[in-house]
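Peer 1: Build the full structure now, drawing on both the sequences and the hints.
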Amino acid sequence: MTYTVKEIAEALGAQALGASSIRISGVAEPSDAAEDHLALAMKPEYAEALPKGRARAALVWDGADWQALGLEAAIIAPRPRFAMSGLTALMDRGEGWGEGVHPSAIISDSAILSEGVSVGPLTVIGAGARIGKDTRIGPQATIGADAEIGEACLVREGVRIAARVRIGDRVVLNPGCAIGGDGFSFVTPDLSNVEAARATLGDQADTETQSYVRIHSLGSVRIGDDVEIGANTAIDRGTIRDTVVGNRTKIDNLCMIGHNVVIGNDTLLCGMVGIAGSTRIGSNVVLGGQVGVSDNIFVGDRVIAGGGTKIFTKTPAGRVILGNPAVKMETQMNINRNLRRLGRLFDDVAALKKSVSNTDQSD
Amino acid sequence: MTYTVKEIAEALGAQALGASSIRISGVAEPSDAAEDHLALAMKPEYAEALPKGRARAALVWDGADWQALGLEAAIIAPRPRFAMSGLTALMDRGEGWGEGVHPSAIISDSAILSEGVSVGPLTVIGAGARIGKDTRIGPQATIGADAEIGEACLVREGVRIAARVRIGDRVVLNPGCAIGGDGFSFVTPDLSNVEAARATLGDQADTETQSYVRIHSLGSVRIGDDVEIGANTAIDRGTIRDTVVGNRTKIDNLCMIGHNVVIGNDTLLCGMVGIAGSTRIGSNVVLGGQVGVSDNIFVGDRVIAGGGTKIFTKTPAGRVILGNPAVKMETQMNINRNLRRLGRLFDDVAALKKSVSNTDQSD
Amino acid sequence: MTYTVKEIAEALGAQALGASSIRISGVAEPSDAAEDHLALAMKPEYAEALPKGRARAALVWDGADWQALGLEAAIIAPRPRFAMSGLTALMDRGEGWGEGVHPSAIISDSAILSEGVSVGPLTVIGAGARIGKDTRIGPQATIGADAEIGEACLVREGVRIAARVRIGDRVVLNPGCAIGGDGFSFVTPDLSNVEAARATLGDQADTETQSYVRIHSLGSVRIGDDVEIGANTAIDRGTIRDTVVGNRTKIDNLCMIGHNVVIGNDTLLCGMVGIAGSTRIGSNVVLGGQVGVSDNIFVGDRVIAGGGTKIFTKTPAGRVILGNPAVKMETQMNINRNLRRLGRLFDDVAALKKSVSNTDQSD
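Chains as they are written, first to last, in my numbering: chain L, 707 to 1069; chain A, 707 to 1069; chain W, 707 to 1069.
Check each hint, because a few of them may be wrong.
Given that identical chains are not distinguished, each listed pair holds provided it fits within a single copy or across any two copies.
Stated by the list, open to error - Distance condition first, Cα-Cα at most 27 Å in a straight line; then the derived DSS-like pairs of lysine-lysine: (1) 1020 - 749; (2) 1034 - 1020; (3) 712 - 749; (4) 839 - 1034; (5) 712 - 1020.
Since the hints were made in silico from the structure, they are not lab data.
Peer 2: Next comes the structure, spelled out in C-alpha cells:
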C-alpha cells in the first residue's frame, strides 16, 4: 500500500508542498530513509541527518526551509508530534492475521459475534460472550463466559479476558495481558499480624501466627472506550463491585491493577505501575514507570508522579510528586540536593562542636 | 443458584435474624443492592448507604440494630471480614468452563487424570503428567511432561506449568502465571565485573569484559497445598534442587520468584514482589507491593515489609521494615521526618557558623 | 541418559581422578546425592555435607583432597562455577516436548521451517515466518507474520512473537514472554500537562486537560544471537526504527523494554528491570533487580546498578551506582550511613544552638 505525499497530507489535515505526487511506501528516520520513504524531520536536529538517507519527501516543522534541506516535497504540520498519530495509523501494516473466523477457534454456540469480527486461530470464546462490530481478535486469546467486548477493538495474541469482563469500543489489548484474575484478598480468623502492625508500627516477634483463607472475587472488570492495555499487564476482578478503568486511559506493559481499583478518564500509567486494592485514581493522572500506589487511598485528578514514586497517602489534585515516599517534586529535588551535601553538614557540625567547646573552655 | 438467609448463615457458622427465609441471589455493596441481594453492611459507615439500595437483608456487625437500619433480615458475624470468605465462596459463579475434558485438549496418552478432573479447550497436558481429583484446568493452559498437580486445584486460562513441576492440593493458579521458567544463572570464564564490583564497590572503568554462558536449571519447582499464585507471576526452576513455595502461601500478580528460592508457610507476597535467586523467606511473612529482596539472603518468620521496601540484608524474625534500603519501620518514619526538615537544619548550621565565627572574632 | 565421570570431565575440559568409570545419572547437592549422582562440592563448606548424602563422585575445587572426603572419584575444575555451565547443559533433561511438528500446530503455507525444527502442539506460525535449523518451539506459542527466528533457538510454551520480529541464533525465550507489543506512545493535540510539568516541575492545578491519541508502532524488535529472555518479559516494538537487543545479552523475568530502546552486547538485566522508551543501554552493563531507567537517556558500557536503583540521568561508562535517584554506590553508602545517624545530628545542632545562645547571653 502506497500513498502520495498529497494523500498523506490530506489524511493528516496538514499542508503538502512541492512534488506532492511522489509515492510513499513507508516512513523512516532521516538517515535510514529510502527514496520512497517519508522522512521524519520534525526538528532541525533531525533534519541534519537527511543527507545520510535518500528521502525525497519529509514531514517537517512549521517554517522549515524544506527546499534548502534538499527535499522535493514536504508535509508541514503545526504540531508534528501530533501528526505522527495519523501518519503512523495510515502506515501501520498490522499483524497479518487475515480476515474472518479461523476454523480452529473454539467458539461457544451461545457467543454472539457481530459483523466484521475476525478471530485468530486457536482462540477460545466462551458461552454468552458478545463481540462488537469489526473487532479483531488474534490467535490463542481467551474470551471468558458472558464477557462483552465493544466495537473495533484489537485483541492481541494470548490475551486473557475472564468471565463477565466488559470492555468498551476501540480498546487495544496487548499480548498476554490478563483481565479478570482473582483479587488478592485473604483473611485470617482473628486479627492478623498485618492489621496489628498497621496499628502499632512495632515489631511482631510475639504475635501468634494464623493461616489465610481466600475471599473470592464476585465482581468483574469494566474497561471504558479507547483504552490501551499493555503486554502482560494484570487487572484483577473486584470483590463485590467491579474494578473500573475509565475512558481513554492508557496502561503500559506489566502494570498491576488490584481488585476494586477505580481509574478515571485520560489517565496514563507507564510501565510496571502497581495500584493496590480499592484505591481510586483520578482523571488526567500520569504515573511514571514503576510507580506504586498503596491500597485504599485516593490520587486526585491531574496528579503527575515521576518514575519510581511510591504513593502511600491521599494525593490532592494537580500535585506533581516524586520519591519514596512521595512528596512534592520540588521538595524531593531539595531533599536529593541536601542528601548529597549531608556529609559536609556532619563535618560542619563536628567543627562547630569543637569550636564551641573551645569557646566554653576559654570562658 | 439462590440461598435463603438461613442457609447462608448456617454455611458461615453465623447467626440469622428476622425473615431468614428470604431468598438471596447475590451479594452487593449497600447502595448497589437489589431486593434479592445480601448487602454487605459490616460497619456502621457502610450501613449508612443501605437506604440508597433495596436490600431486605444484610451481613451486619455484632451488635448492630439491624431493624432500625430498615432490614427485614440480618446475618450477624463476630468477625464479618472473616465471614466474607465463606460468603464469597458460596456465591462464586465460577468461570463457566463446563465439565469434563474438552475434545480439543491435547492430552498425552501417558498423562493420568484422576476422577472429576475437567480440562478446558486447547489445553496441553504432557507425557507422564498427573492431575489430582476434582482439579479444574481452564482453556489454553500448558501442563508439562511429568508435572504433578494435586486435588481440587483451579488452573486458570493460559497458565504455564513446566516439566516436572509439583503442585499441592487446592492451589489456585491465576491467568498467565508461569511456573518453571529457566533460572537466571550465568557465568563468565573468569571472575566477572559484578563479582569484582561486589568485592570493591568501586567503578569498573578498566575491567576486561567477558561473555556469559548459561547454567541450565536442572531443578524444578515445588508448590505446597492451598497456595494461590497471581496472574502473570513467574517462578523459576532451581539450579540443582527445587525452588519451593510452602503451604498456604499466597503470591499476588506479577511477582518474580528466582531460582532456588525457598518460601515458608502462610506467607503473603503482594503485587510485583521480586525475590532474587537462592534467597529464603520464612513463614508468616508479609511483603508489601513492589518489595524487592536480594539474592542469597534470609528473611525471617513474621517479617512485615511495607510497600516498595528493598531488602538487601538478612532480616531477623518479627521485624517490621520499610524503605530503600530496608530499616525498621519506626527508623524509616524518623528518617522521613528528618528529611522533610533537613533544609531547616542546613539553615540552622549556617546561622550557627556565622554566630560562632562572630563569637570567635569578638574574643 | 548416563555418563561416566570420565566422559563428563572430558565434556567440561576438566580433570577426572579416581574411579572415573563410575556412571552418573544426575547432579545433586552433597546432602541430597544418591549413589549415581555427581555431588557439587565446589567449596570446602559444601563438601562438609558429603557424608549426609551417598555420592561416590563429586565436582571439587582445585586442590581438594577428594579421597579424604570419602569420594571414589572426583572432577577437578579450576573455576568450578564455570564448569557448572557445561555440566548442567549435559544433564539437562529438557522439556519432553517430543520431536517434529505436532499435527495440531497451525502453520501458514508460506512459513518456512528449516531442517530439524520442532513445533509443539497448538502453536501458531504466521504467513511468511522463517524458522532456522534445529530451533525447538514449544506448545501454544505464537510466531507472527514475517517473523524470523534463527537457528538452535528454544521457544518455550506460550511465547508471543509478533509480526516482523527478528531473532538471532541460539536464543532462549522463556514462557509467556511477549516480543513486539505496541509501544506506549501517545500524543495530545496541544502541549500536554506532562510536557508542561517537565518544563516547570510545578503543580498542575490549572492546566486544561486533553485526551491522548495513539502513535502506532511501525518498527519491530530485533534480538541478537545467544540472548535469553525471561518469563513474562515484554519488549515493545519501535515507533519507526526497531527496538534492539544486542548479542549475548540476558534479560530476566518480568522485565519491560520500551519502544526504540537499544541494548548492547553482553548486558545483564535482572528480574523486573524496566527501561523506558528510546533509552540506550551499553554493553557489559549489569542492572540489578527492579532497576528502572528513564526514557531518552544513555547508560554507558560496563555500568553496574544495584537492585532497586532508579536511573534518571545519563550514566557514564564503568560507573557503579545505587539508590533512588542513582548515585555512585560509595556515595549512596555514605548517604545511607548519614541517614541512620541524622537524628543525632538534629540533637547535636539543638544542643549547639542552646550552647551558643548561652554563650551569647554570657557575653
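Peer 1: If the cutoff is 27 Å on CA atoms, where do residue 1034 and residue 1020 land: within, between, both or neither? Let me know, please.
Peer 2: Classified as both: same-chain Cα gap 13 Å, cross-chain 23 Å, threshold 27 Å.
Peer 1: Evaluate residue 1020 and residue 749 at a C-alpha cut-off of 27 Å and name the case that applies: within, between, both or neither.
Peer 2: between (40 Å within a copy, 22 Å between copies)
Peer 1: Could you figure out if residue 839 and residue 1034 sit no more than 27 Å apart (CA to CA) within one copy, between two copies, both or neither?
Peer 2: Close neither inside one copy (45 Å) nor across copies (55 Å); limit 27 Å.
Peer 1: Under a CA distance limit of 27 Å, which applies to residue 712 and residue 749: within one copy, between copies, both, or neither?
Peer 2: For residue 712 and residue 749, only the intra-copy Cα distance (21 Å) is at most 27 Å; the inter-copy one is 66 Å.
Peer 1: At most 27 Å between alpha carbons: which applies to residue 712 and residue 1020, within, between, both or neither?
Peer 2: neither (51 Å within a copy, 41 Å between copies)
Hints 4 and 5, counting from the list given before, are not met by this structure.
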